[in-house]
Amino acid sequence: MPAPVPFDPQEIVDAKYEERPTREGVTTKRLICAACDIACSVVGEVQKGRVTKVRSSDNPIFKDNICMKGIVAPKGLAHPNRILHPLKRVGERGSGKFEQVTWEEAMSDIGSRLKKVIAEHGPEAWAVATSQWNTSTDHGLGRRVMNHVGSPNWISGVALCAGNTAAVNRFTYGWFPFGDFSNTNCIVLMGHNPRRHSWTPLYNSIRSAQARGAKLIVMDPRRSSSAERADIWLPLKAGSDAAMMFGWLKVIIDEELYDKEFVDNWTLGFEELKERVNEYPLDRVAELTGCDPEMIAEAARVYATSGPSIIPWTPITDMQRNSTSGIRLQTILRSICGYVDVPGGELLQGFNPDIVNESTIEMHHVLSDEQKMKQLGSKDHPAFTYRGQLAFREPTKRVYGQEYANLVTGCHMATPSETFRAMAGEGEYPVKAFFFLGNNPLMSYANMPLIHKAMMNQDLIVSHEQFMTPSAQLADYILPADSWLERPWIHDMFGWMSTIRFSEKAMDPPGECKSTFEFWKQVAGALDMPEVVPWDTIEDFYDYRVAATGKSFADLISDTEVYFKKPAFKTYEKTGFATPSGKVELKSSLLEELGFDPLPYFREDPPHDENFPLKMFTGVREDPFFQTGHRHIPEMRARCPEPQIYLNEKTAKAAGVSEGDWVTVENQLGSIKALLAIKDAMPDDLVRVPHGWWKPEMEQGNGSLSGAWDYSDAQLCRDDPDYLDLEQGIPHLKGIPCRVVPFRSDASVEADVKAQHMEPAE
Amino acid sequence: MSDAQKSIRKKERSTRLAIWMAARSSRNRTFLDRMCRKMIVKATAVDPAKDFMRDEFVDNDQGFDPDELDRYQRGEKVIASQ
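Note that the protein sequences, when read in sequence, are chains S and Y.
For the working numbering, add 19 to where a residue sits in the first sequence, where the first one is 1.
For the working numbering, add 581 to where a residue sits in the second sequence, where the first one is 1.
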């Protein structure tokens, strides 16, 4: 997610300000860090043509937004194992054997083989996985090329992290709001735990807000660092967030703490919502969440009465069986309390009119409706697919001036699990070519055994990468990717916010590394459609994007690193909301049309399986790493050398394991091994599993995949129907049944574990 | 207009002013730009001692030597930050 711009206008007095001194032989460049997905504005210091230091920005609105991953980037990206030249697979797929080729040779063969797949199976047989967070200069060009080719099958990690939230928010009020941390009076963190080194600007914003008196409410099963500094901490059961919000609504509606004028004038479905909420009296909510009913009520009152309050985006509700209902309940709380599009509340910023946005670049209109309806996942789980989002075309045009708003790139996606099934030959049609960019798909989605089978069943796999990830090891071609130090960037907050930021090129890319812009330009050329990406250079492309400002990209970036849209509030009073009714739809007409419950609900856990008595959650970030990256950097590994699970003392004792033991975490799908750390902040029977572990130093190729078969949490993440959200088809990662047992190192056990990896339990 | 509406209007005005100042501050060229920057520094200052997750990795403000980075990239020597 992008960084908010922190600023409190109430405290402007008597400033003292000192510029950093310049150093001889050192030039500075204003950069946007892409070490993770939050995009901090930072400064790169350059010596002898190299970035030698990354530090926090001189601009006070971005100051202190720096973490260890950004600081260590000059070394991490200079790692001797960085891929510097195109590589072509020479052995069997997964053998780990590659030879160096030229970009021209690679692209010529890729173009021929992709055209063959399309000719034999149709354009929908080509799927692409990327995030656009860390590839950065994609800017929608991948979707643009795919749309011209005719493939709707674009998947991304944003399907379970922010992108899906954006799509589901639209069902209520037509856009994805961003919380105004600078002016809010109350912040609600739902399982989210921003820290000094993870979501750093949010950490700083929350710290600033608390310093000026804002309240902090934290819902989290763990006693997280955020929980420790909260005014109210609700230690709810993992995965019960939606139930908790029903409890809040029960209190807010019963005690008439909502904004009656807003509800009367701007919402639809309040009476039906009220009936649904009445199904969740506090004693039932207390049972479902494990929290004290009076604490639940108190938190609800603080949220509703000390506002404007914000419920910032959280990845936690993105990854649950009740994800759609959970996200909708957040939108409903924001709405009925009158916090939508007011300062200190949840801002619906719209696009910046002076920049060509990425939704426009993607050119979704050129993809036929017939191809759109083939998007994998559309039939059963349509919420964020074209089928679920196309009805927003007219209202989005009415309010925001264009038909397609691919907010956070999450509003026109295929469903990952359905795509991998199709790739594995188990879907409604075959997918036989797979590209992934800045993405490690084998470990980034649920059901790694299925993904492995899917990748082994491909005719063509192309990776655009910086390092030899486990996924790249299965590719036919690995094309070397540049980094955020090595090219310019325009960051448009993925359409989420209207603020635009700019990043300079600080050094030349090493070897033959190229940007994602150049990758897609070459793919378009290889498919005989060079006109689809007509700009010669990325600077030309950026000049096109910023033309409406009246300046070139070079002029803009020399002038400032941030470009604001004039702020506006309550714009719905003129345009209505971008929903079919023009109102806030507490009862969603579109979900009803798609055949789903138009009101939020809570699906309880499947029956308890005594063989797997514990619950695990995964998806958590560890400070030195972003997702599956950074484990090659010595300074980062020194901080966290091995994957660790967390249990409390009581649960560990019951499982027969102790601090520092190697243990196995296993469930019906697979198993991983990890070190055990005892944490008294963990509740009983809950296991914290780290996300994205592999070891770059381990053997490459199918046998080990650099440790992915040993450590990757994706082997435990189920995607069978009980563990999928109904509307979106995304997996439940917050409360998966499992057990923890001592790790047995004898070869026979390891062989059994490997066999399970290759043959998933369904 | 109710008190709540008045409060919202006041916040809207101050937020517009804040964004204008942030834009000037980011440009940081003219006297007015620099004044805005100084005021924003003051407005957004949070005592570092109150950062309960301080970390020497950030506080030390370290970088790397360009020649050592070159050697590291060639696989010749493992380096530490300077």
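Source of the hints: derived by calculation from the structure; they are not laboratory data.
Just so we're clear, the structure is a prediction, and the values are computed from it rather than from any experiment.
All C-beta atoms in this analysis are idealised placements derived from N, C-alpha and C, irrespective of residue type, glycine included.
Incorrect hints may appear among the rest.
Interface residues of chain Y toward chain S, partial, derived using beta-carbon atoms under 10 Å [what the hints assert, rightly or not]:
id : residue
1  : Lys587
2  : Lys591
3  : Thr596
4  : Phe612
5  : Ala624
6  : Asn641
query: Can you give the numbers of the hints that this structure goes against, from lowest to highest?
result: 1 and 4
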